[in-house]
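Student: Kindly produce the complete structure, drawing on both the sequences and the hints.
If you're matching them up, the sequences are chains A and B in order. Just so you know, the first sequence maps onto residues 1 to 304 in my numbering. Just so you know, the second sequence maps onto residues 305 to 623 in my numbering.
Keep in mind that the hints were calculated from the coordinates and are not lab data. Be aware that a few hints might be false.
Stated by the list, open to error - With a Cα cut of at most 25 Å, we get these calculated DSS-like pairs of lysine-lysine:
1) A:K220 to A:K291
2) A:K133 to B:K317
3) B:K557 to A:K133
4) B:K315 to A:K239
What the hints assert, rightly or not - Negatives, chain A to chain B, calculated, CB over 10 Å:
5) D129
6) Q134
7) Q191
8) I202
9) G227
10) S248
11) Q290
12) F293
These figures come from a predicted structure and were not determined experimentally. C-beta atoms are modelled at their ideal positions from N, C-alpha and C, and glycine is treated no differently.
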Amino acid sequence: MIGAAAQETTTARRPGQSARLSVGGVLMQIAIVLAALMAVAPFAFMVTTSFKTYASVINNVIWPWFPLGSEVPQLGNFWEAITTVGWDSQWGIYLFFRYLANSLIVAGCIVAGSLITSTLAAYALARMDLPGKQVLFVLVLVTMMMPEDLTIVPKLVMMFNLRWYNTYLGLIVPSLVSVFSIFLLRQFFMQIPRDLFEAALIDGMGHLRFLISVVVPLSKPALLTVGLLNFIWAWDAFKWPLLVTRDSSMRVLGVGLQQFMQGQGTQVHLLMAFAAMVIVPVLVLYFLAQKQFREGILNTGLKG
Amino acid sequence: MPGLRRLVSRKVKERTLGYALLAPAVLIVGVFELFPLFYGFYISLCDWRLGCQAIVGADNYLRGLQDPEMWYSLLVTATYSLITVPVQLGLGFLIAVMLFQRARGHELFRTMMFLPYITSTVASAAVWSYIYSPDNGLLNTVLRGIGLPGLRWLGEPAGVFALMAQNVGVTLPGWAHGPSMALVSVSIYTTWVFIGYDITIFLAGLVNINAELYEAAKVDGARGWNLLRHITFPLMSPTIFFLLVVTVIGTFKAFNHIFVMTGGGPSDATQTASILIFQQLYAFNRYGYAAALAFILFTVILTLTLLQNYFAGRRVVYE
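Tutor: Written out as structure tokens, the structure is:
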């Protein structure tokens, strides 16, 4: 099932598809443009709102700037949003920056950790002769199919017992392996010709040297994809970080944004400024590495 | 035979290394994915208050099965799934076919449509909550701009058919009220988020269809709908089936955006099973009960997936 999607690539285009001008064709083009505009309209609404005054927001002014109005873009909204969120007395910084730091720490550790664990495991599964590895692989795939709800209660109890509740360990360690990443890297490693390893063996390399000095450099695109996807997932995580933390100083950006919405959500221009600051890092990454993104998602998909 | 011994020892060494490479991943998956499965089942059998106070057997399950709130949440989840899945896959397929035929600006539009999928769920849900805001949201501003009354969107527990009928002065019986406006609003957001993913997968499937098949069919005089019906649909069936299974499972697990936008309200109109489980755990600290509900939900998802496999899976054509 997943294999069916995994084989597909998006690059090839069918030849002889030149667009003929017809009524149907024009209608289709209009429909596509409309659909694309609807996809980005909420972002435009978010960005414009984040530059408005509160007065313009409550008076439903859609464009209060030149040439329709006389307002100037309220760049100060972003700083006001940051200061309105609150103060983290533990580190002596604005709470927003603490959320940001937490998100970066958690996402960074998860990306690094899952890259290491999945590279090692994927190599062993793809290239080494190990009895019982098929059983292991099936087991790993089964965990992939299980809904998060099933394990969330026991995982939370385990966090209490381990005294990891409300700590970085609790936010990070359970996510250090991504089964999808193992799956994706295994597919990629299997494509590396066996001859290459035979040659390396004659040169006196073992598996470990071969993995580090041949497989990893050859797999840079796949590793980049895995890293990006894990970053997106970690950045997007909400349910677990909400459940496993108690103090505001332990919250990640997503949870912080939700709490801000509950508390000060009526100041919509600030809420939109906050949301924009959460979305922008991911958008930048997306535009820098679009191809890796799409191919990675084709191979794995699934967003909570 | 020293050669054989060397070979054997190399084999042992290789295996040791292999298992060592697997160890970190297996350990973490084992501790945080597999073990919790059994531990969760144990908790679901307990009267759990800071620990297992007493084994109560199937009590939590029986309570779940007798709880109207549980059944209602399953109904809400199923309704959500029934609205979202066909709309999302239907629209996604349509747009993918159109994008595939019309190359003009293809890349740019695809990038635009994919954006909602990769952005942070909480942030985009916050933006949509504002878009749906009854006072100064974008939708009501537009509605009032063209002279229509505003709607309550996410805050409206009444059924959409009931609302429509009300407009023309008809009162519908309870069973015909339809899904709540709030749930429909959530479904619109869900479609907005996931359609870019569906389009990407559909396009990948369309690219793989051999162009010669279309040429041959055209020589035989087939056009438009017939091409779609006899070539595109059958050859796309593995892709469609894959997306169907993934999307149905996705709707049954849906949590983040619903929690952010409505928290399950108004008056439980958007309380899906996943939200109910979370509330039992987070708000009421009912660990045993929440664990039992999770197993009930999992049974439902598993049954649905098997049923889909049985009924839809048979219609899938593999090349």
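Student: Please verify whether A:K133 and B:K317 have alpha carbons no more than 25 Å apart.
Tutor: holds (16 Å)
Student: Could you let me know if the closest chain B CB is still more than 10 Å away from the CB of A:Q290?
Tutor: violated (7 Å)
Student: Tell me if the straight-line CA distance from A:K220 to A:K291 falls inside 25 Å.
Tutor: With Cα atoms ~14 Å apart, A:K220 and A:K291 stay inside 25 Å; holds.
Student: A:G227 clear of chain B by more than 10 Å, beta carbon to beta carbon?
Tutor: holds (14 Å)
Student: Beyond 10 Å on every Cβ pair: is that true for A:S248 relative to chain B?
Tutor: Since the minimum Cβ distance to chain B is about 16 Å, A:S248 lies beyond 10 Å and the statement holds.
Student: Within a Cα-Cα threshold of 25 Å, do B:K557 and A:K133 meet the stated pairing?
Tutor: It is violated: about 30 Å lies between the C-alpha atoms, which goes past 25 Å.
Student: Is it the case that A:Q134 keeps its Cβ farther than 10 Å from each residue Cβ in chain B?
Tutor: Answer for A:Q134: holds, closest chain B Cβ roughly 13 Å.
Student: Taking C-beta pairs only, is A:D129 more than 10 Å away from all of chain B?
Tutor: Violated: least Cβ distance 7 Å, not greater than 10 Å.
Student: Compute the least Cβ-Cβ separation between A:F293 and chain B, then decide whether it is above 10 Å.
Tutor: violated (7 Å)
Student: Taking the shortest Cβ-to-Cβ distance between A:Q191 and chain B, state whether it exceeds 10 Å.
Tutor: The claim stands: A:Q191 keeps its Cβ more than 10 Å from every Cβ of chain B (closest is about 18 Å).
Student: Is B:K315 within 25 Å of A:K239, Cα to Cα?
Tutor: violated (45 Å)
Student: Would you say A:I202 is clear of chain B, with no C-beta pair closer than or equal to 10 Å?
Tutor: Fine: 14 Å to the nearest Cβ keeps A:I202 off the interface.
The structure is inconsistent with the numbered hints 3, 4, 5, 11 and 12, although it conforms to all the rest.
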